[in-house]
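Number of protein chains: 2
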Amino acid sequence: MRISFKKQQFEAREDAILDAVNSLLAKKGFDLMTMDDVAAEVGIAKGSLYKHFSSKESLAAAALCRMTRDTLDLLTEMAPDMAAIDKLKGTLRWALQRRLKGAVPHLPSTSVALQRSLMLNLTYMRLIMKLNAELRRLVIAAQNEGVLDRTLPCEVILYTIYARSCDPTLEYLRTSGRYDDAQTVDYLVRTCFDGLNG
Amino acid sequence: MRISFKKQQFEAREDAILDAVNSLLAKKGFDLMTMDDVAAEVGIAKGSLYKHFSSKESLAAAALCRMTRDTLDLLTEMAPDMAAIDKLKGTLRWALQRRLKGAVPHLPSTSVALQRSLMLNLTYMRLIMKLNAELRRLVIAAQNEGVLDRTLPCEVILYTIYARSCDPTLEYLRTSGRYDDAQTVDYLVRTCFDGLNG
DNA sequence: GTCTATACACCGATAGAC
DNA sequence: GTCTATCGGTGTATAGAC
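Just so you know, the sequences run in chain order G and C.
Here the first sequence is numbered in our numbering, starting from 7 and rising by one per residue.
Here the second sequence is numbered in our numbering, starting from 7 and rising by one per residue.
Note that identical chains are pooled: a pair holds if it fits in a single copy or bridges any two copies.
25 Å max Cα-Cα, derived DSS-like pairs, lysine-lysine: (1) Lys33 x Lys62; (2) Lys34 x Lys62; (3) Lys57 x Lys13; (4) Lys95 x Lys107; (5) Lys34 x Lys52; (6) Lys52 x Lys33; (7) Lys34 x Lys57; (8) Lys62 x Lys52; (9) Lys95 x Lys136; (10) Lys13 x Lys52; (11) Lys107 x Lys34; (12) Lys52 x Lys12.
Worth flagging that the hints you see were computed from the coordinates, not collected in a lab.
Let the hints inform the model, and build the full structure from the sequences given.
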């Protein structure tokens with residue numbers, strides 16, 4: 007079927023665009039990423055981008071949706087008998103490793119402009135709320151098991167983990183060059199859950 | 007003396023400009039802050055800004071220098087017999103409270119463009135390195151006392167505290183409206199040092 | 001659907017009158 | 001030193017040929 011083949015090609019192209027967006031978002035952030043940048047990295051004309059995505063905001067939203075879907079997939083693929091706390095730590099570790107490979111952090115807290123437009127994106131909001139619900143469920147489970155501090159509100163724990171997954175400490179430690187990637191990720195996950203105290 | 011009075015007026019104007027820059031940096035970040043924004047908030051013409059600061063970058067750098075000086079002042083004013091760990095916690099608490107009052111976070115990690123220009127700013131680099139040295143000294147002291155984890159590299163602890171002072175969790179918790187400012191700050195400081203475990 | 005060319009708006013910085 | 005006016009450059013988005 008020619009149509010199916012064309013469709014495949016079309017989707018492959020869109021995936022390549024999102025790869026470029028993802029890389030550029032991680033490198034420069036939303037505000038400094040230009041449509042020229044994206045077009046150049048994909049190797050197509052700027053005008054052609056708008057045949058796939060209606061605006062710069064929708065482009066970024068699509069990239070973030072794809073990443074959120076990946077995170078949800080990771081959670082569903084985890085063994086059902088795995089402890090909630092280990093699922094949380096594993097997800098954080100996975101997110102940090104992805105960032106080390108050049109992926110954009112989950113929280114687009116770097117750009118107020120992007121945040122506002124994302125709030126209006128139904129697809130993105132649906133995904134992010136689903137992820138939020140999944141993680142919240144895990145936090146509460148771990149609190150009930152007594153392995154996460156019960157005196158802390160669930161949101162405090164949840165946001166703290168989110169924030170750690172976007173923490174600039176990762177880049178600082180990497181550029182220092184003193185530790186390998188696995189060690190760096192370990193330090194971040196460990197200090198997040200165990201704290202800094204001796 | 008008229009000259010002295012004029013000079014005072016001049017410096018007061020510059021302080022007002024830096025106040026505006028500080029507020030705008032916290033609200034919109036460097037990339038989205040425009041010189042028109044600054045001029046409008048101060049109540050002067052855009053062109054007049056350039057009689058005080060030569061560029062947008064130098065404007066932001068001046069605001070960040072002032073804030074870093076305030077942090078250094080805070081440290082020198084702390085009681086000499088205060089425990090190192092309490093100085094660290096106190097500084098983090100102070101930074102978070104300042105952010106709640108509308109100040110810009112210490113790490114301008116939001117803008118790659120600003121980061122690059124700051125690296126070339128000698129005044130800023132001198133201040134930030136002095137602050138870094140002070141805090142590093144406190145971390146090592148606390149590690150030697152056994153109240154901070156000795157198995158963690160000093161940089162990991164230092165950057166983790168820095169990152170917490172800029173953590174978007176603060177805004178998320180505030181906008182949730184569930185906790186007052188003191189409670190919010192307490193949660194952030196506590197989870198940073200004690201971790202999330204039960 | 002891809003390209004080139006361009007419209008339109010915005011921003012950083014400067015010029016020049018007062 | 002403050003203002004208004006403007007220049008040069010850049011960025012998003014669109015138009016139109018192929």
